[in-house]
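Engineer: Could you build the full structure based on these sequences and the hints that come with them?
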Amino acid sequence: MNISLNITTTITEFLSGFMSEGAANIGTMVVIALIYLAIFAVAGLYLVLLERKVAAWFQLRLGPNRVGPWGLLQTMADALKLVSKELTGTVKADKFLYNLAPYFVIVSSLMALAVFPFTKEFQAFDINIGLFFLIAISSIGVIGILLGGWASNNKFALIGAMRSGVQTISYELSVGLSLITMVLLTGTLQLSEIIEVQKNGWLIVQGHIPAIIAFMIYMIAGTAETNRAPFDMVEAESELGAGFHTEYSGMKFAYFFLAEFINMFIIAAVATTVFFGGWLSPFGITESIPWLGVFWFIGKTFMLVFLMMWFRWTFPRLRVDQLLTLEWKYLLPLNLLNIILMALIVWLNLTIQF
Amino acid sequence: MEKIIFYILALILIVFAIASVTSKKMLRSVIYLLFVLCGIAGIYFLIDYNFLAAIQLTVYAGGIIVLIIFSVVLVHHIEMELELAKRSKQLLVGLACLVGLGVFLTTIHSHEFNVVENSVTTSTEEIGLGLLSYETGGFILPFEVISVLLLASMIGAIVIAKGKKLTDKNDTTL
Numbered sequence: 001m002n003i004s005l006n007i008t009t010t011i012t013e014f015l016s017g018f019m020s021e022g023a024a025n026i027g028t029m030v031v032i033a034l035i036y037l038a039i040f041a042v043a044g045l046y047l048v049l050l051e052r053k054v055a056a057w058f059q060l061r062l063g064p065n066r067v068g069p070w071g072l073l074q075t076m077a078d079a080l081k082l083v084s085k086e087l088t089g090t091v092k093a094d095k096f097l098y099n100l101a102p103y104f105v106i107v108s109s110l111m112a113l114a115v116f117p118f119t120k121e122f123q124a125f126d127i128n129i130g131l132f133f134l135i136a137i138s139s140i141g142v143i144g145i146l147l148g149g150w151a152s153n154n155k156f157a158l159i160g161a162m163r164s165g166v167q168t169i170s171y172e173l174s175v176g177l178s179l180i181t182m183v184l185l186t187g188t189l190q191l192s193e194i195i196e197v198q199k200n201g202w203l204i205v206q207g208h209i210p211a212i213i214a215f216m217i218y219m220i221a222g223t224a225e226t227n228r229a230p231f232d233m234v235e236a237e238s239e240l241g242a243g244f245h246t247e248y249s250g251m252k253f254a255y256f257f258l259a260e261f262i263n264m265f266i267i268a269a270v271a272t273t274v275f276f277g278g279w280l281s282p283f284g285i286t287e288s289i290p291w292l293g294v295f296w297f298i299g300k301t302f303m304l305v306f307l308m309m310w311f312r313w314t315f316p317r318l319r320v321d322q323l324l325t326l327e328w329k330y331l332l333p334l335n336l337l338n339i340i341l342m343a344l345i346v347w348l349n350l351t352i353q354f
Numbered sequence: 001m002e003k004i005i006f007y008i009l010a011l012i013l014i015v016f017a018i019a020s021v022t023s024k025k026m027l028r029s030v031i032y033l034l035f036v037l038c039g040i041a042g043i044y045f046l047i048d049y050n051f052l053a054a055i056q057l058t059v060y061a062g063g064i065i066v067l068i069i070f071s072v073v074l075v076h077h078i079e080m081e082l083e084l085a086k087r088s089k090q091l092l093v094g095l096a097c098l099v100g101l102g103v104f105l106t107t108i109h110s111h112e113f114n115v116v117e118n119s120v121t122t123s124t125e126e127i128g129l130g131l132l133s134y135e136t137g138g139f140i141l142p143f144e145v146i147s148v149l150l151l152a153s154m155i156g157a158i159v160i161a162k163g164k165k166l167t168d169k170n171d172t173t174l
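Chains as they are written, first to last, in UniProt numbering: chain A, 1 to 354; chain B, 1 to 174.
Think of the hints as simulated: they come from the structure by calculation, not from any bench. Fair warning: this is a prediction, and the values are worked out from it, not measured in the lab. Take every hint as true, because none was put in to throw you off.
Below are the DSS-like pairs computed for lysine-lysine, each with C-alpha atoms no more than 25 Å apart in a straight line:
(1) B:Lys25 to B:Lys86
(2) A:Lys329 to B:Lys164
(3) B:Lys24 to A:Lys155
(4) A:Lys85 to A:Lys95
(5) B:Lys25 to A:Lys95
(6) B:Lys24 to B:Lys86
(7) B:Lys24 to A:Lys92
(8) B:Lys25 to A:Lys155
(9) B:Lys25 to A:Lys92
(10) A:Lys53 to A:Lys81
(11) A:Lys95 to A:Lys81
(12) B:Lys162 to A:Lys329
(13) A:Lys95 to B:Lys24
(14) B:Lys89 to B:Lys24
(15) A:Lys95 to A:Lys155
(16) A:Lys155 to A:Lys92
(17) B:Lys89 to B:Lys25
(18) A:Lys120 to A:Lys199
So these bits of chain B aren't anywhere near chain A, every CB distance computed over 12 Å:
(19) Arg87
(20) Gly94
(21) Thr106
(22) His111
(23) Phe143
(24) Lys164
Beta carbons: idealized from backbone N, C-alpha and C, even for Gly.
Structural biologist: Put into structure tokens, the structure is as follows:
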């Protein structure tokens with residue numbers, strides 16, 4: 001079986017059969033954007049379902065099991081309900097910014113989704129600064145949260161937004177530095193080449209000790225960047241109502257909610273690409289069937305997503321000062337030392353290659 | 001295609017730059033400024049200078065705009081509006097802007113710009129090597145000077161933020 005997944009060329013060839021070149025180019029962009037929007041929506045909805053199932057499992061419950069077989073259609077039904085809900089707003093809110101805020105969050109996570117190589121071919125945008133582009137894009141999402149919190153004209157929302165800003169700015173540093181540690185090993189920022197390098201062993205094996213430290217720091221900081229428990233001061237229910245999206249209802253709330261889950265997927269997908277070899281199969285067992293790469297990529301990503309859900313349902317919430325102490329007094333110095341360690345290992349050729 | 005995208009970006013830049021200085025709500029003008037900065041990043045992407053575009057997004061959009069939003073959120077209430085400047089001040093600023101624009105346009109039009117036929121994407125590796133090379137055309141000296149400047153400003157920020165705590169050695173309760 002040979003499935004062609006090189007989406008850009010396949011679609012361009014198909015469209016240029018009956019269109020001029022310029023129109024085919026624009027058509028390709030539109031089609032690919034629609035494909036990614038569909039992935040976005042479906043992945044978001046099923047991650048919500050997965051979260052609820054995992055939560056139920058951890059708490060010895062059954063979880064949603066009424067709508068569809070094993071509750072598989074539960075989140076679809078929820079989405080329909082949210083679409084049909086009335087969009088309420090506060091009278092004295094800044095309407096323009098209030099309506100703009102969800103789009104910042106959702107556009108930034110959608111843009112990040114575009115650069116992932118799901119297989120060797122299935123990649124919309126193979127930019128030569130891939131990893132850095134991801135870091136740059138993820139730093140914009142927080143603006144949406146800050147705006148949403150401020151424009152709602154609500155004290156809880158404002159406090160939630162400020163906490164989110166503090167948290168995201170601090171932990172972005174750790175995410176960036178731990179990824180830089182791995183870039184020392186790969187020597188390139190382009191995601192397709194990073195995977196190419198890992199054909200001699202996944203980076204977490206190649207870089208052994210410092211790579212494992214970098215992975216742990218990355219997962220902690222990544223969980224914090226998505227504002228999930230145990231780092232969910234942003235929407236701490238017991239203190240702030242719902243945090244920055246207190247005033248949002250219906251679909252606009254759903255945008256924030258979906259973006260949070262997609263961000264979790266993105267963090268896990270970056271970790272998969274950088275530490276666990278992306279679409280490469282373990283020991284090259286399915287190397288002759290390239291399209292199985294999607295399976296490996298998604299499989300590894302969902303393992304990491306499960307890890308983040310495990311965090312969420314096991315650890316209690318941190319306080320704001322504990323959160324900042326963890327970042328600035330422990331993770332950051334550790335990270336800087338780790339970079340030096342990794343540089344030494346690369347310099348002395350102590351990496352493990354197969 | 002590229003021409004169309006350029007004109008769209010240019011239109012976005014001009015419209016939001018004007019909106020940013022004319023808006024009477026402070027946070028809105030910050031957001032318009034954000035759009036201007038993103039538009040500049042778009043222009044860098046258009047000329048295939050991806051690294052600079054990503055820097056533009058991280059430093060300006062992700063860093064500076066977030067800091068500005070922080071300070072606005074801390075001091076500004078949602079119902080406040082900025083007051084209008086006096087007529088004489090408006091005229092003066094308008095005149096200064098016109099002079100600036102005039103200087104800019106005459107400089108652009110008095111020089112020939114060569115169109116590069118085959119543009120090559122600059123890779124991050126080349127930028128890194130260029131920054132660290134001490135041969136002709138290398139940037140090691142400005143790179144080091146800027147590092148020292150950044151270190152100095154970081155220390156300065158810590159000293160200001162700590163304030164009294166650094167000098168009062170007797171006060172152990174802090």
